[in-house]
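A.B. asks: Going line by line, the protein sequences match chains X and E.
Heads up: the first sequence begins at 1 in the numbering used here, then just goes up one per residue.
Heads up: the second sequence begins at 1001 in the numbering used here, then just goes up one per residue.
Do not take every clue at face value.
Unchecked claim - Quick list of simulated restraints, FRET-style, between CB atoms:
1) Gly478(X) x Ser1018(E): 33 to 43 Å
2) Ala191(X) x Asp1491(E): 26 to 36 Å
3) Ala1474(E) x Gly478(X): 37 to 47 Å
4) Ser1103(E) x Gly57(X): 29 to 39 Å
5) Arg180(X) x Asp1511(E): 14 to 24 Å
For the record, the hints were derived by calculation from the structure and aren't laboratory data.
Quantities reported herein were computed from a predicted structural model and do not represent experimental measurements.
All residues carry an ideal CB built from backbone N, CA and C; glycine is no exception.
Protein chains: 2
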Amino acid sequence: MIPFPEVLSRLSGSFELSVGATVSGDFPDAVRLALPGLDLRPGDSGEIDVRRDPALGEEAYRLTAGSRGVEIVAGGRAGAFYAAQSLHQLLPGDSYRFTERASWPVPGVRVEDAPRFPWRGLHLDVARHFFPKREVLRLIDLMALHKLNRLHLHLVDDQGWRVESRAYPLLHEVSSHRPRTAVNHHREPAAYDEVPHGGYYTLDDLAEIGAYARARCVTVVPEIDVPGHASAILAAYPEFGATGERHEVLDRWGISPAILSPLPPTVEFLTTVFDEVMGALGGTPYVHIGGDEVVLDHWAASSEIVSYGESLGLAGANELQAWFLRRLADALAERGARAVVWDEAFVSGGLRADTVVMPWRGMGVGRRAAAAGHDVVATPVFPLYFDYAEASAADEPMAIGDAITLADVAAFRPAPPEWSDEERARVLGAQAQLWTERVPDARTLDYRMWPRACALAEVAWSGTGRDGFGERLAEHLGRLDALGVEYRPLDGPRPWQRRRPHRPSGTRVADVMARIEAMTHDPESTRPSV
Amino acid sequence: MIPFPEVLSRLSGSFELSVGATVSGDFPDAVRLALPGLDLRPGDSGEIDVRRDPALGEEAYRLTAGSRGVEIVAGGRAGAFYAAQSLHQLLPGDSYRFTERASWPVPGVRVEDAPRFPWRGLHLDVARHFFPKREVLRLIDLMALHKLNRLHLHLVDDQGWRVESRAYPLLHEVSSHRPRTAVNHHREPAAYDEVPHGGYYTLDDLAEIGAYARARCVTVVPEIDVPGHASAILAAYPEFGATGERHEVLDRWGISPAILSPLPPTVEFLTTVFDEVMGALGGTPYVHIGGDEVVLDHWAASSEIVSYGESLGLAGANELQAWFLRRLADALAERGARAVVWDEAFVSGGLRADTVVMPWRGMGVGRRAAAAGHDVVATPVFPLYFDYAEASAADEPMAIGDAITLADVAAFRPAPPEWSDEERARVLGAQAQLWTERVPDARTLDYRMWPRACALAEVAWSGTGRDGFGERLAEHLGRLDALGVEYRPLDGPRPWQRRRPHRPSGTRVADVMARIEAMTHDPESTRPSV
Chain X
1 MIPFPEVLSR LSGSFELSVG ATVSGDFPDA VRLALPGLDL RPGDSGEIDV
51 RRDPALGEEA YRLTAGSRGV EIVAGGRAGA FYAAQSLHQL LPGDSYRFTE
101 RASWPVPGVR VEDAPRFPWR GLHLDVARHF FPKREVLRLI DLMALHKLNR
151 LHLHLVDDQG WRVESRAYPL LHEVSSHRPR TAVNHHREPA AYDEVPHGGY
201 YTLDDLAEIG AYARARCVTV VPEIDVPGHA SAILAAYPEF GATGERHEVL
251 DRWGISPAIL SPLPPTVEFL TTVFDEVMGA LGGTPYVHIG GDEVVLDHWA
301 ASSEIVSYGE SLGLAGANEL QAWFLRRLAD ALAERGARAV VWDEAFVSGG
351 LRADTVVMPW RGMGVGRRAA AAGHDVVATP VFPLYFDYAE ASAADEPMAI
401 GDAITLADVA AFRPAPPEWS DEERARVLGA QAQLWTERVP DARTLDYRMW
451 PRACALAEVA WSGTGRDGFG ERLAEHLGRL DALGVEYRPL DGPRPWQRRR
501 PHRPSGTRVA DVMARIEAMT HDPESTRPSV
Chain E
1001 MIPFPEVLSR LSGSFELSVG ATVSGDFPDA VRLALPGLDL RPGDSGEIDV
1051 RRDPALGEEA YRLTAGSRGV EIVAGGRAGA FYAAQSLHQL LPGDSYRFTE
1101 RASWPVPGVR VEDAPRFPWR GLHLDVARHF FPKREVLRLI DLMALHKLNR
1151 LHLHLVDDQG WRVESRAYPL LHEVSSHRPR TAVNHHREPA AYDEVPHGGY
1201 YTLDDLAEIG AYARARCVTV VPEIDVPGHA SAILAAYPEF GATGERHEVL
1251 DRWGISPAIL SPLPPTVEFL TTVFDEVMGA LGGTPYVHIG GDEVVLDHWA
1301 ASSEIVSYGE SLGLAGANEL QAWFLRRLAD ALAERGARAV VWDEAFVSGG
1351 LRADTVVMPW RGMGVGRRAA AAGHDVVATP VFPLYFDYAE ASAADEPMAI
1401 GDAITLADVA AFRPAPPEWS DEERARVLGA QAQLWTERVP DARTLDYRMW
1451 PRACALAEVA WSGTGRDGFG ERLAEHLGRL DALGVEYRPL DGPRPWQRRR
1501 PHRPSGTRVA DVMARIEAMT HDPESTRPSV
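Chain X with its partners taken away, still in its complex shape (with noise of 0.2 Å):
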């Protein structure tokens, strides 16, 4: 069972639970969207019976499975979703095809179980590469069936803008698209593919992935990561900008000095289109608002910038940087939610007590927002990148470094031993970042994603991983095949996995790594060198 629970003992005994039989008790439409093979019918009494107890957790649960049936016991809704995860895991394989089958043999056991951390998530990149709506419903089941919770979507970056705004129509009709991509790595002059790619989420789907994500117990995390990264929105609406130049849908990667300006139409404009997305996903309790690599060059040069910052008292850039990230994380306040930012926007300092850091830089600045008391989720390039290749080998596909591997996720922990306790209670958990400038379509995404992201659900479940994680991975990478998920094989790539080829770099992503955390230390430094 991937995530392993707390406690799983088989008991003696076993039943045949047939498809179309009935659920009782607590959340019967949380047990049933969790096996949806099984047609369960809600009902007074029957094979599967939950009954919740407030003692427990929200997401915590038991589950006892013997020859009279499935008893579960549930802190909340979610505890009854993920005992209901649990107990198809404990089915064969083939449960998770549609199949004609009548029923499947439940084994006895004894589960009781809760979560580490209250924060297990994977980030999508749908801005350097747009993924369908179905892609996006497809990772969220994922999800449901590893036990993540927290799908952070990074709706917009140079590349494309990804969503409707029906107050700013020329996001989605301009800023969604460019007329072709670079194919290779942003060091190399670049190479193009002549392809246009493009898409965007209309505000009833963004609507639809919300609903879709809470009744399997995800929440949607969406980021309009500002106020660099803009080049889609400023080939829209240049007048946010801060120089007024209009600029173009970025068709190649690495960072460009495109940046928002921070004066009160910029703050109106994003408050707007905040509104609705938060509107479209039905509220939401974070909203992302980046502050990472941000080149503050054009607002040191614009004299109504660096006057602005002036009226209000501020020194410099950097300091107008914190004020504009402060101002955006109130106005989401007042709407409800708390703001999320990499880890740039702590260092920059003046963030909001409430806000959560994603310390991508390393554990190193992650424990020191912690220390200064921000809930943090870990995020470290290494090892929670999956754009960086699994193998250090010339047949892996083209990454943006190597190597992080299954292993390298599986010995992560999210809350380091050697932090304090008081910085311990501050990591709300985990979360692996899947940036796609080298992910063009969703077949190459399952590649990346799996199976790193079962030993990322494993450390964020357990916090320290369990014992036997190998062996657990290979049966479940039968469920994997079954869903169809077309994940890298552990011996490495199907020979059309391979896709252009990978240069392995000689350079351990770890020793990156320790030069992007040395960074860290120094506000004025946002350009890392990967």
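Using the hints, position chain E against chain X.
C.D. replies: Quick look at chain E alone, frame taken from chain X:
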């Protein structure tokens, strides 16, 4: 409503159909599958009541919706399923999304409906480009929505073999992938993408596809295209080829001379593969064996093959080919399935009387096949080859030729009025073909298939099309939007759908079609010049 029913009258009154409502009577599972978002419960009496009337055809139904609920009378399970699909189309388009809505309004209507043709098909070439299982399942969902009921899967061609074989594992290990793919027109010097491509369905996947389709009243028609188009097979098992030479899985388009031998080991190989595929699908009434675009030069040049033909009393390669296809059709008949062939096999002569003919080279040869007593499925290039562009415009994505418009499809008549009654009685129906040389991914598949397949569904269901197709389609596109189908907008591609630009040919496909059709009078002429 698309396809439009025989009779549709609006009645006064309406009612609100609640999520979780009860469906009673016959075929509750079929009704529930057609309305997945309504989460219907089977029960003794309910808001939706279904009764079987053996006097109706299996696919025929009557539907009455009024203030008291919905009454369905169906000839069989398919009729109940289609009644529920019609009911679904009476609900707002958002009912095709996952929502948290608790009920939907149903207007008062009376519908009487039955299909004109029993074969309403889509063909998908998964050999030139592979589409993951989930995309095949999604296509089946879309077919069901349109009351289409035959999915013809072109499982093998020169460019790939797409199904696991436990008896001949090199088929999926070797024949299932190629190192690169030509990205331009087959008459130009090949330009390649240098990206490996491949994939295959496991037999478990095929079983799942078969079961999923069956539940939705869709019959899968697998195609093992022989004896030509054999490069991929001969990359793995050259011993079954006419020359014994090893070929490579083709990375470019056009017709290859690679051909299987007609000798007994090849027949044994193919019948073993038939057993595997048919076994996985859980039995299938039809297996397509190709017979198209065969280049017989290697047979005529092989003394072993020539003398084998002579030993059977056959005069020349052409008669041997007819014998070979009949031998395979006999093997299928022993297994309870009818063979389906492309029209070249009819022109060559010697088919079993029960073999179904697909006249891709035009309705002229289709009429001759019907006159000869063969059942015929109308599949002419014009207007049913959806790999042709939908407009002769430079902003269309690259296509094999131009143009086959939505209006061309809507105007098609599967059983032309000028045919005799006997000839028309032989027409099983119509099927659109999607060859995928220039359909590299599922997003492009959507663009090519829809909304032309809506028009195909309309004429295959009604025989003649119905008034108001354009207005009904405008509403219907809202359903496709809700489902996330990236169809071609009526006014042309979205910016990111342009892909590699199409160069309008200046030649109308109807004129090309006349040239192709002329070739059907010559059994030796198998090299169309499209």
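A.B. asks: Given a hinted range of 14 to 24 Å, is it respected by the beta-carbon distance of arginine 180(X) and aspartate 1511(E)?
C.D. replies: violated, 34 Å
A.B. asks: Given a hint of 33 to 43 Å, does the C-beta separation of glycine 478(X) and serine 1018(E) actually sit inside it?
C.D. replies: Taking Cβ atoms as reference, glycine 478(X) and serine 1018(E) lie about 39 Å apart, which means the hint holds.
A.B. asks: Take the C-beta atom of alanine 191(X) and the C-beta atom of aspartate 1491(E), compute their distance, and say whether it sits inside 26 to 36 Å.
C.D. replies: Roughly 33 Å apart at Cβ, these two residues keep to the hinted range, so it holds.
A.B. asks: Indicate whether the distance between the beta carbons of alanine 1474(E) and glycine 478(X) respects the range 37 to 47 Å.
C.D. replies: holds, 46 Å
A.B. asks: Does 29 to 39 Å hold as the CB distance between serine 1103(E) and glycine 57(X), or does it fail?
C.D. replies: The hinted range 29 to 39 Å holds for serine 1103(E) and glycine 57(X), with Cβ atoms some 34 Å apart.
Comparing the model with each numbered hint stated earlier shows that hint 5 is the single one that does not hold.
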